[in-house]
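*Asks:* Chains as they are written, first to last, in the numbering used here: chain F, 565 to 800; chain U, 37 to 154; chain Z, 121 to 204.
These are calculated hints, taken from the structure and not from any lab test. Some hints could be false.
What the hints assert, rightly or not - Straight-line C-alpha distance at most 25 Å; calculated DMTMM-like pairs for lysine to aspartate or glutamate:
{"no.": "1", "chain 1": "U", "residue 1": "K141", "chain 2": "U", "residue 2": "E151"}
{"no.": "2", "chain 1": "F", "residue 1": "K567", "chain 2": "U", "residue 2": "E151"}
{"no.": "3", "chain 1": "U", "residue 1": "K141", "chain 2": "F", "residue 2": "E795"}
{"no.": "4", "chain 1": "F", "residue 1": "K567", "chain 2": "U", "residue 2": "D95"}
Stated by the list, open to error - Output of the computed footprint for chain U on chain Z, the stretches with three or more beta carbons under 8 Å from beta carbons of chain U:
{"no.": "5", "stretch": "159 to 170"}
{"no.": "6", "stretch": "176 to 183"}
Just so it is clear, the structure is predicted and the values come from calculations on it, not from any experiment. Don't be surprised by glycine CBs; every beta carbon is placed ideally from N, CA and C.
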Amino acid sequence: MTKRIFVFGMLIGLGAIFIDLLLSYTPDSALNQTARYYAERTATDLGAANIVAAVIVTYRGLDTLGEVTVLFLTAAILVMVLYRDHGIGINKIPNRFLPPTGEMLGTGSRLLVPLILLMGVYLFANGHLTPGGGFQGGAIIASAVLLLLLTNPNQTFNLQLFSLTESISGIGFVVIGVLGMFFAGGFLDNRIFPIGQLGELFSAGAIPVIYTLIGLKVGAEFSSILVHLSEEKEES
Amino acid sequence: MVLVVLAAGFMLILLGLYGALIHRNILHMIVSFSVADTGVNLVLIAVGYMPGRTAPILDSNVSVADAVERIIDPVPQALVLTAIVIGVGVTALMLAYAYRLYQTKGTLDISKFTELKW
Amino acid sequence: MSGLLSFMSFVICVALVGAAWVAIRSTSLPMAILAAGLVSLLASLMFLILAAPDVAMTEAAIGCGLTTFLFFFVLGRVRGGEHD
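Extracted from the complex, chain F is given alone in its bound form:
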């Protein structure tokens, strides 16, 4: 009972702070200095139409590198936690009993998986022009893997391929960042390739390349997280 009173007291205190913040909130009427810089300079300096993509990939590219590293660590620790007794490997029950997959799911997944993959690739290839980008495209690619997994839970995936894709795109990301130090203004500068015309597919320098690498990496990481969590492990 004391615990309940303690919890409610804490929540009421936090709620008072929130209400105070809410009542004293006044929306800005103009962009602040940083946002003004991004709004004015992105199109001329970097050639990207989507300013959010420019902020993520170039202006704050180091943050994104850290974020991708966190995702990689998550996938690695997940495998370590789930397979501590058996070592890394696929040890599911070979033919565990499952209700048969419906005709609709099977046919639907054969029809939809290529389209979903195409949608993911479209999203990260056009990340510098339209809403979308590496993270969204990667998640959509992982949802194609999820659909395959739902259709046939006993399916084995080539985990080597996932980890190979992930490593190669991660190394590519860092290599492009380092190339920016030699051929352009600094680490992860996108002007190592020509900037081109604003609004065209091959524009904005290295942003589409980096976003494609991020998309492949995030897709492989989310897919391996899903595959490892869905796998049934043999009780020992």
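Keeping the supplied structure of chain F fixed, place chains U and Z upon it in accordance with the hints.
*Replies:* Frame of chain F, contents of chains U and Z only:
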């Protein structure tokens, strides 16, 4: 309108914390954390919003010259994008640890794990 | 901001808090997980109204899609333990 969204975001944070504190099942606690996570993202986006402006994407409607007057702040959006991706990573780790705890004790009740209790 | 959009965002916010209440208070775990997915979906609609299409897309794909399935995969692994 922004005030309504801010209030809803703060409400989600409070509800998530309340759920995480009163539940004893670990999976219920993780669900509560993910609700609070969504609330924080909602508050951040609502703070970055300015009435009457559009998304920070330059196209035929928003030219380069009048971008400063027409678009909203892109920085909170980039932050929240990062936060969502990190959030799902944290959720996946919490779920894996919860499964590991279930394997060792055969239960998900947090009050049964008394090794570190004093 | 037109009146219709304001009204829509008000309705979505009320639904958001309602879904969060179901997610917190429901005693059935699948119900709570689905309600948390609904919270994410409504939040993604709200992000779209607040002029953040990038964030809306991420929330719909990751917060609503992948997270819900991660929860269900773990729920399938802990058969029998979810009633504690």
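*Asks:* Between the alpha carbons of K141(U) and E151(U), is the straight-line distance 25 Å or under?
*Replies:* holds, 12 Å
*Asks:* Cut-off 8 Å, C-beta pairs, minimum 3 residues; does the coverage of the stretch 159 to 170 of chain Z by chain U stand?
*Replies:* holds (count 6)
*Asks:* Is the straight-line distance between the alpha-carbon of K141(U) and that of E795(F) 25 Å or less?
*Replies:* Holds, because 21 Å separates the two Cα atoms, which is no more than 25 Å.
*Asks:* Compare the distance between the alpha carbons of K567(F) and E151(U) with 25 Å, and conclude whether the hinted pair is satisfied.
*Replies:* Given pair K567(F), E151(U) holds - Cα atoms ~20 Å apart, limit 25 Å.
*Asks:* Would the hint linking K567(F) and D95(U) be met if the CA-CA limit is 25 Å?
*Replies:* Given pair K567(F), D95(U) is violated - Cα atoms ~55 Å apart, limit 25 Å.
*Asks:* With a cut-off of 8 Å between beta carbons, are at least three residues of the stretch 176 to 183 of chain Z near chain U?
*Replies:* Since three or more residues must qualify, the claim that chain U covers the stretch 176 to 183 of chain Z holds, with 4 doing so at under 8 Å.
The structure shown violates just one earlier hint, number 4.
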